[in-house]
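Keeping their order, the protein sequence lines are chains F and E.
Residue numbers for the first sequence follow the working numbering, beginning at 2 and rising by one.
Residue numbers for the second sequence follow the working numbering, beginning at 2 and rising by one.
Everything labelled a hint here was simulated from the structure, so no lab data went into it.
Keep in mind that the hints are not guaranteed to be accurate.
[Stated by the list, open to error] Subject to a maximum C-alpha distance of 25 Å in a straight line, what follows is the list of computed SDA-like cross-link-like pairs (lysine to any residue): (1) F:LYS92 / E:ARG171; (2) F:LYS73 / F:THR61; (3) F:LYS73 / E:GLU275; (4) E:LYS145 / E:ARG171; (5) F:LYS236 / E:ARG171; (6) F:LYS73 / E:ARG171; (7) E:LYS259 / E:ARG171; (8) E:LYS85 / E:GLY117; (9) E:LYS259 / F:GLU145; (10) E:LYS314 / F:THR61; (11) F:LYS92 / E:LEU110; (12) F:LYS236 / E:GLY422; (13) F:LYS264 / E:ARG289; (14) E:LYS259 / F:THR61.
Bear in mind the structure is a predicted one, so any value in this text is a computation, not a measurement.
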Amino acid sequence: MFEVVSNEILAENLHKMVLVAPRIAKARKAGQFVMVRLAQGEERIPLTIGDADPAAGTITLFIQAIGASTRKIVSTPVGGFIRDVAGPLGKETHITNWGRVVCVGGGVGTAVLFPLVKALAEAGNEITTIIGGRSERYVILADELGVLSKNLLITTEDGSLGYKGFVTGPLSEMIADPVRAPQAVFAVGPVPMMKAVANLTREPGIETIVSLNPIMIDGTGMCGGCRVQVGTETKFACVDGPEFDAHLVDFDGLSDRLTSYRKEEAARHAAEGCKLAKEVAK
Amino acid sequence: MSNDLSPKERMAIDRVHMPELPADERSTNFEEVNLGLSADQALSEAQRCLQCKTRNCVSGCPVGVSIPEFIDALACDDLPKAAKILRGDNALPAVCGRVCPQETQCEALCVRGKKGDAVAIGYLERYVADWAMLHPDRLLKEAKPEPTGKSVAVVGCGPAGLTAAGELARMGHQVTIFEALHDTGGVLRYGIPEFRLPKEIIDCEVAVLAELGVTIECNVIIGKTLTVAELTEDYDAVFIANGAGLPTMLNIPGENLKGVYAANEFLTRVNLMEAGRREDSATPILQRDEVAVIGGGNTAMDCVRTARRLGAKRAMIIYRRGEAEMPARIEEIKHAKEEGVEFVMLTAPIAIVDTEDGWVSALRCQKMELGPADDSGRRRPQPVAGSEFDIPAGIVINAVGTNANPLLTATAPDLKLNKWGNVVADEEGQTSIPGVFAGGDIVRGGATVILAMGDGKRAAAAIDQYLKR
Ligand SMILES: Cc1cc2nc3c(=O)[nH]c(=O)nc-3n(C[C@H](O)[C@H](O)[C@H](O)COP(=O)(O)OP(=O)(O)OC[C@H]3O[C@@H](n4cnc5c(N)ncnc54)[C@H](O)[C@@H]3O)c2cc1C
Ligand SMILES: Cc1cc2nc3c(=O)[nH]c(=O)nc-3n(C[C@H](O)[C@H](O)[C@H](O)COP(=O)(O)OP(=O)(O)OC[C@H]3O[C@@H](n4cnc5c(N)ncnc54)[C@H](O)[C@@H]3O)c2cc1C
Ligand code: SF4
Ligand code: SF4
Ligand code: FES
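With the hints as constraints, model all of the structure from the sequences given.
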């Protein structure tokens with residue numbers, strides 16, 4: 002059992018949750034994640050370790066409540082418990098001093114990006130962080146990332162904050178400018194965003210790393226469910242990744258596999274909606 | 002009661018038939034198929050045993066269960082004694098009585114099998130073990146051992162780890178099991194389905210360990226949460242039994258289509274996560290009318306029979322050799338057939354195809370014919386030219402096998418591995434690191450429950466010796 006010691010709402014549907022998990026806090030490195038199961042009968046889902054405090058024995062998760070499992074997890078109150086948290090899993094991020102690095106985050110990917118930005122900053126990189134969201138309400142962690150980055154650029158699709166448009170806008174401007182062009186790019190977010198970033202950096206040959214989010218079950222390489230095509234090889238994202246060379250990833254295959262259970266998930270939502278409605282009616 | 006029939010009287014008794022759920026009823030649910038013997042059946046079967054001085058059957062059992070002795074106690078209706086003998090030799094008799102390949106082990110060497118049917122040793126083992134689970138108050142109490150003050154870490158909560166932990170605890174050592182998943186049992190929990198091995202049996206065995214003072218810590222992944230080096234620092238000895246959990250890929254086109262599962266994923270969803278088994282399980286599982294399972298072992302049988310229970314109208318085994326060459330247990334094959342599973346033999350998959358929507362629509366296959374025998378003595382299948390054909394399928398499950406998972410070994414550079422990534426250990430389980438022992442599938446590759454248990458038992462004895470030095 003893992004105790005929840007804080008649970009804040011950062012933005013609509015985005016929670017920052019701190020859990021007591023001393024062994025994980027001590028062992029974890031940037032880029033790694035945990036498998037979380039709220040209670041008996043619930044799903045096991047992967048969540049990035051956003052931050053850790055080995056002295057206090059705690060880890061921080063940033064959780065976007067998008068479906069049944071994430072919604073239930075974020076509704077655990079302070080002092081409540083999460084039954085299972087296993088990790089740290091996945092490979093740690095390969096961190097060196099590239100020089101100029103651009104870190105791109107979209108949606109909840111911004112949360113996954115946070116520990117990478119922190120580690121890259123500690124390694125002495127000059128970081129420009131570009132974060133995007135649908136509108137102002139969906140832009141998260143701007144203050145935290147601003148402290149770690151030399152520049153922080155914000156984009157929103159409706160122009161309610163920062164640049165109007167997508168994260169790829171400011172990125173392509175930087176790539177085109179010899180003075181500002183990065184030596185490496187890290188991108189985490191929805192699959193179409195990562196794909197667009199990979200397409201921008203492929204031609205100029207800028208090293209680009211993405212953190213992939215396939216469906217996972219065990220997270221230990223046992224089931225093969227998280228497989229993604231990388232170049233000519235099939236990789237298991239939970240053990241070989243989750244970070245890969247963006248120029249080799251089959252993004253279309255990944256986004257297709259992510260829809261495998263759409264029908265089943267919709268049915269579950271409907272069923273839970275019904276149950277809720279019945280309870281309300283009573 | 003005594004067990005003093007004449008050999009002639011014993012020879013006159015026929016082997017029992019295990020009562021089973023009717024095939025049409027069981028193929029729609031996850032209830033256990035074999036129902037267990039009645040008291041009369043068990044007694045009569047026990048009387049078939051000739052109590053041979055040569056004890057052939059015992060040499061067929063990898064852990065040397067005292068077969069004639071426990072059967073004699075059973076025939077004398079002394080169940081507490083039968084249970085004591087059995088449990089003394091075998092830590093998981095209720096499991097082995099159900100899943101051991103008896104027909105190739107103990108029963109294969111039973112003298113009664115030379116002319117007619119072998120004694121149903123497995124069924125009797127199950128009978129005694131089930132009785133013991135129902136009558137804990139009637140079991141002869143185990144004496145609490147003197148604590149030795151030594152501690153042992155066990156990695157993995159499968160049959161090898163559970164057995165070693167039990168043995169070591171009985172010797173008075175303080176044992177902690179570290180398990181990567183959120184629950185106990187290893188393959189017994191996430192691989193072997195409920196209809197062959199009800200999960201309460203594992204819970205019961207685990208409760209016995211808890212009573213012996215064994216601590217089980219789930220959600221701890223050795224190699225990630227803690228390293229082997231940390232364990233050797235904190236414990237006096239370590240036993241590694243993390244199994245062979247890494248699926249072997251087919252490496253054919255279409256393997257990443259939606260609807261293609263590795264056996265481990267399919268079984269884990271249904272068994273460990275209870276998808277499709279419990280109304281309120283949050284984990285989804287796909288359900289389609291046509292399911293093709295590739296492989297001929299126990300894993301393939303478990304997948305295909307599970308698919309049938311989830312509602313598949315056509316559940317098929319696709320195997321590249323003939324039925325006689327299938328490594329699955331005879332009982333599994335028989336049960337699968339009764340449940341309406343189709344066996345497509347001498348057929349090898351060459352591609353998985355879709356109708357351009359990313360979902361599997363068929364398994365493209367090639368007919369095979371059997372050529373000369375290979376090193377393993379099995380006749381090698383060869384493709385028949387121009388015999389390609391498609392088997393319509395909405396789900397394809399790859400059950401061709403598993404390999405050693407490198408999660409633990411990758412962070413233990415001093416641990417010597419063979420070329421397949423299995424840990425190298427001697428007869429007693431000693432690895433290349435002093436005080437670190439290993440056994441079960443991580444050493445042998447995918448093997449059997451009883452071999453894993455035998456390894457756990459031998460390693461526990463060796464660890465005890467090591468700790469006494
Ligand atoms: C390595 C890794 C790290 C992750 N880190 C974080 C994190 O730090 N914070 C966070 O909020 N989320 C993270 N995710 C994503 C998170 O695991 C999923 O959002 C979660 O599993 C969805 O479960 P659900 O039941 O709430 O939603 P569901 O009802 O299962 O899904 C809702 C919608 O999301 C889609 N979806 C399902 N699974 C995923 C997935 N794995 N990734 C993206 N979309 C998915 C579905 O197709 C559906 O449209 C991470 C994923 C991976 C693989
Ligand atoms: C579907 C299926 C059906 C089978 N049917 C039969 C049968 O009918 N009869 C038979 O005799 N055999 C059968 N087998 C084989 C048998 O189950 C195995 O040989 C046996 O379980 C091996 O035992 P083990 O203890 O070595 O490993 P496992 O049972 O694999 O247990 C290993 C445990 O270690 C855990 N683990 C892994 N890595 C780590 C880590 N890094 N840190 C901590 N824990 C870790 C795993 O989660 C697992 O719980 C079957 C196998 C499968 C897959
Ligand atoms: S453990 Fe297995 S092989 Fe040994 S006697 Fe029992 S059923 Fe037979
Ligand atoms: S070989 Fe068969 S008949 Fe003889 S003791 Fe063993 S089980 Fe009994
Ligand atoms: S999640 Fe099972 S292998 Fe990656």
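Q | Those earlier numbered hints the structure runs against, lowest number first | A | Hint check: 1, 5, 6, 7, 8, 9, 10, 11, 14 fail, others pass.
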